[in-house]
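S.K.: Got two chains here, separate frames each, mind docking them using the hints?
Read top to bottom, the protein sequences are chains A and B. According to the numbering used here, the residues represented by the first sequence are 8 to 218, in order. According to the numbering used here, the residues represented by the second sequence are 832 to 1309, in order.
If you're looking for bench data, these hints aren't it; they were derived computationally from the structure. Just so you know, these numbers come straight off a predicted model, no measurement behind them. Keep in mind that the hints are not guaranteed to be accurate.
[Unchecked claim] Calculated pairs, BS3-like style, for lysine-lysine (alpha carbon to alpha carbon, straight line, at most 30 Å):
#1 Lys901(B) <-> Lys165(A)
#2 Lys165(A) <-> Lys948(B)
#3 Lys98(A) <-> Lys33(A)
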Amino acid sequence: MADNLESIATSLYEGDYAAVASLVQKAVDQGLSPEKILQEGLIAGMDRVGRDFKEGILFVPEVLISARAMHTGMELLRPFLAKSGVKSAGKCVIGSVQGDLHDIGKNLVKMMLEGAGYELIDLGTDVKPEAFVAAVREHKPKLVGMSALLTTTMVNMKVIIEALQAAGLRQSTKIIVGGAPVTEGFARDCGADSYASNAASAVDVARALTA
Amino acid sequence: MASTLRLVEGQRTDENLLTKVHTHSLDLLENCGIRFHSQKARQILQEAGAQVSGEIVKIPARLVESALKKAPHEFTLFARDGKHDLPIDGQHTYYSQDGCAAHTLDFETGLRRQSTKADVEKMALISDALEAVDIITPTVSAADSSVAGRAIQELEACFVNSGKHVVTESVTSARDARAQIELGAAIVGGEQALRQKPIFCNFVCTISPLTQDAGGIEAALEFAAAGIPMGIYPMATTGVTSPVTLPANLAVDNTEVLSVITLLQIASPGAKLFYSGGPATIDLRTGAYTATSPEAIWLRTMVAKMANFYELPSMVGAGATSAKLPGAQSAWENALSYLPTSMAGADVLFGVGLLDGSNLLTYEQIILDAEVAALIKRLLAPVSFEEEAFSSDLIKELGPGGVYLDQIHTVKNMRKALSLPLISDRDSYDGWADKGRIDSVSAARAKVKEILASHQAPPLPDNVHKEMNKLVAAYSKE
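With the rest of the complex left out, here is chain B (with noise of 0.2 Å):
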């Protein structure tokens, strides 16, 4: 018996509005088409049943609909260090960090400049050691490895710095997935154990509206049959990639999404897939990709609706702020894009630590959001209605008048009763006066130096190292 405010049972309201965005993605798959750029996805739907004519596929409705029925309801996302296994089983709602930006605010200068692999590095290391972060990403690219290697070393960046489960994007070519793969394999023994304890998985982005990339979809291919769970990502704008009303961006979207889960599963039946999306909007008065307005905050809680409507689980944006620096703006909108999402039941949030719409890193923005991410696990979190909770024994005993400050029962269950703030002022006013009068930028700065100086990632035995190395030094050549 256990009472949760996670709204994921409202959505049976929802039931006959949702099967409209169905009904009209299964008309667009059938009637407008998908351009799949993959001469190899279109022979694997054409062999199906898809009509393909050059590069547009039509689909039609029973190979979504049985291609559906395939895909597995529930699966986990294992850690390598064994200590943070995340089932994905419609109770909880994990959080990753957001990716992947071309940009970092010097933690040293402030001043912006290009990511590089240390960023990569020492965001892994600041989320592994932040309780409410879940799930690490190469949040921002790191434009000094070669491009032949980025994809093998952003993801190396991960798995040394934390023991974490880690997501990959922006992954281009079957050659950049066989090298993730490959590496994953280096870790856990081989590429039969990385299929039953898949240590990260990858989300493909679509390219708005209604078409697939090659490579990105030739990595989703190989992932696929390596057991990878992957999530499928369209970020449809509104007024851009898709007409400026709402539910024609959920539609198309939800095309996107359909067409890839098809795809993978007649390639690969089982393939553990995330119904994803990030959809967003522009503002109108620059064109700029917005991403925590009210309607894409809309979008992104509704992407988590489709999924549980059709039984998947899901990974949804949120989160990247349009703010430009860590603060009021940045902490209010990412707030309120993570409570509505989390509400209606996604699996897993992306989108912690980043500002300017997903472009740019702050190291000081993570620990701000992780703070709002714990304070909203604990708000959505079950809370226990059984016999020994309501403590009448205690109340009856004290009576009325009673004091509980000094109560043997306070201190044995206070500490689950109740959570702490990482980061949040709670002082007295004299008591915040005295230690320096901090704002909490300024704490979050605090946290990260704190983090930087002790946290250590749980170590990889040698020999793993050496296999990681070897196939990173082999992959990075150009």
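Excised from the complex, chain A in its bound form (with noise of 0.2 Å):
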């Protein structure tokens, strides 16, 4: 049984996500409890990811086709997940804002995300205000990441953050801001909680927040 989970860990170490989803199916069908699957096995694979990277052993594309056979396990194990009652990490809403059709940025942030834990609610590029409120009255997100690639896009992060104020919804969830021209400084000026620089910090700072 821990071999099994061990597999997991190492399946997805490699990205390798066919594999995942036989071994998570598998460890399913043994009865092995779906938290201990997701903790023992998903986690601590994409840990061993995460802290690979960090030493430089593992590039960012490697680490990207980990955290879609994490996304493909957790795709799986999310039934078993619910019926159970563990929760995911949380709710994320994120979008490129409006007048923005950049995305590769936010994307990555959306995958590494996943491959967290989080479950993501992508609106897309070119977000309006009245999409982020509206997707923040449904989905009731712990998170809500927005990103700009431009200098006369980034603005449109305050006008968002404004709506989402007039709406009174500000205060029920956390918001993270990136993008190549975004700094710590405007973060905090736009009215956001946080800021990433990278979509690996993008983890540490969603983890940070929502714990």
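M.R.: Following this line, the structure appears as structure tokens:
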């Protein structure tokens, strides 16, 4: 049994998502508790990935492929987790702000957060304030992530935060902002809760905010 | 008769390889297509015979080939002062400031802060004074201007503080393009005069892979219609927005450029276009955008070669060091980037003065980069092999053991024959020590102070100033 969990972690580390899927299925069939599979299989593997990434042993594309394997495993496991009352790390609404079509960074953050066990609601690009407000109202996320690449669009982060305020939703969620022109100072000024300078640190920031 | 180290000729050996890039691009254009967010652009291409499905436009090879035939091989970038006109004739590599960063390392405090219009003004003034910098650009975003007025105010800051040609970027709507056209027209005496004598040009960034932003493309259509030269500037990044293998990156870049050349030559036949690009790589450890890795420099050199292949003028991204401070890394990375791109025959290099992958301005870096630019220009300048350049009579006259230091011939020819650096130290050890043991970044800093204290841009007539102010005010209203 423990071997099976170890194999899940190893396969996840190696980014072999087909193996992760079949091993998770096997573990469920064997009657292992979903929470144990999650903690000692998937998250244990992802933590190893995170550690080796920080050490410079793994490179960004390898981390993303592992994150995708994590996502595959989670999709399989989610119904069982729900049935046994285990909650995800939390919901996160994410999008590139109004006027901005750039979404590579946003997509990386999304994959990393999914890898860390968050449930992502991706609003895509060029997302208007009303769309953020509606999504927060509907999904009640723990986190909202906003991304911008242009100095002309980053100002819309403030507009969105004000819209959440006006809708009475600002206090219900934590807001992280990011993107090339965004800085810690800008994040503070626009009323966000935090700022992440890259996709890997977004996970640490998210965990700190939702702890 | 002149000899040059420029290796434009060397590209003939690559002809077959470059043809492969072209062939792959035609295949991608026809069988994968480009996402054009602009409905107007889709309609123009569709009416010309492209296949449109949703936002995806598939462009047949014949449209591309006929567009390439319409694009001029040479044109001139004019300067408002009339002294710095730049013939784009395949014989020169001009250096442009880099753009468009969002941050500045403050000259006084040394701390990073958001960039301002004052930074644009000062950088234009500094570059106006530097002989090696040929073209001005809003190096940073005037983030303290209203969003509505930013495009016109950044261009205004360049025109007021420099007499040289200006290239604008990040123009994201037809309205902002119009604002810049009207501002340029106010200086040269109307839009017809501007068409004859474009004192600024623009480049439009594609969104790699294979996507064209609506606003940027509609601005490009507006510029092309007004006779403003345009560059088409993809920045595919290996392993992120293109496959990680280098030829694939080239093919993606090339496909994006060809799609916009086709659009603009259909809409405005004969439009003056630069084949452009600033492809890059990622750092595998962090994913960071990297413009000065050997692979990125190779890609950028190939952009110049692709432009030669199509016999189109080129504006190539260069420089954009990853260093966060001016110093050894910023100097070696940018120097290493400028040299092969210049040798490959790029007409314009876009990339003087920024750090942190074009995201951070320091005033000192522009001096370091201008120094390298001057050295490379001199290195690649044609050297005359005319008979008199051999000075045979003088050699015979002085004979073996002769000394040339006190000869009239030396005095007459020395300023042309030998160049002097801007800040590089060539002193004796004692001379250097006596002057305070100055390192290169401190020397650059002193040069910045000197220019800011003493240099004045060629003035604009009062009535032009008034007209410009009116336009700026009108376009700056939210």
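S.K.: Compare the structure with the hints numbered earlier in the document and write down the numbers of the violated ones, lowest to highest.
M.R.: 1
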